[in-house]
Amino acid sequence: LPNESPASFVVRMAVEKADAGYSKIAGNEIYVVAGDTIVVCDGKVFGKPANQFEAKKTLQALSGKTHTVISAVALMHDGATYSTKCVTKVSFKKLTQQEIENYTLSGESEGKAGAYAIQGKAATFISKIEGSYSSVMGLPLFELNELLEKSGYYREKENA
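Be aware that the sequence shown starts at 6, since it is given in our numbering, and climbs by one per residue.
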């Protein structure tokens, strides 16, 4: 949407994904969880790279800088929607062209917002993280647990 902030965008994407899943499954007793993640650096938003060339450009842009990872999670149950976001700062060391080349050739950057997986080889690129590790992986677990609590998930389990 025009003038939509990166944070609003990522929450909207998570909610739309959850809604798409929820609408395909019958019954209010189900819980549907969906998420989305983007990376923001120097005012530019980076999603999942379309190809290896785009992955290299993304990693070059993140090299030696601190960027923001915004992950959103949405939960749908019994016709209600719960959503939240988590913002984490990640600092990369200065990457060499060879490191970028080797990493993109590994295939690990495919399908990853910001062209990297914190839980993989890219862990060696990170000099500092301020926030949630699981959020950078793509699913903020603390925040998801809070949504489950709000939705009554644990109360239902206790009464089952």
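A couple of the hints might just be wrong.
As the list claims (entries may be wrong) - Okay, the calculated beta carbon distance ranges per label pair:
no.: 1; residue 1: Gly-84; residue 2: Arg-17; range: 16 to 24 angstroms
no.: 2; residue 1: Thr-86; residue 2: Asn-164; range: 16 to 24 angstroms
no.: 3; residue 1: Ala-12; residue 2: Gly-116; range: 20 to 28 angstroms
no.: 4; residue 1: Ser-111; residue 2: Gly-84; range: 37 to 45 angstroms
Just so you know, the hints here were simulated from the structure itself, not pulled from any lab data.
By construction, the Cβ of each residue, glycine as well, lies at the ideal position given by its N, Cα and C atoms.
Hints, one by one, checked against the model:
One distance hint, 16 to 24 angstroms for the beta-carbon pair Gly-84 and Arg-17, holds here, with the actual separation near 19 angstroms. About 23 angstroms separates the C-beta atoms of Thr-86 and Asn-164, a value consistent with the hinted range of 16 to 24 angstroms. Distance hint check for Ala-12 and Gly-116: the Cβ-Cβ separation is about 22 angstroms, which falls inside the suggested range of 20 to 28 angstroms. Taking 37 to 45 angstroms as the suggested C-beta distance range, the pair Ser-111 and Gly-84 conforms, at roughly 43 angstroms.
The structure shown violates none of the earlier numbered hints.
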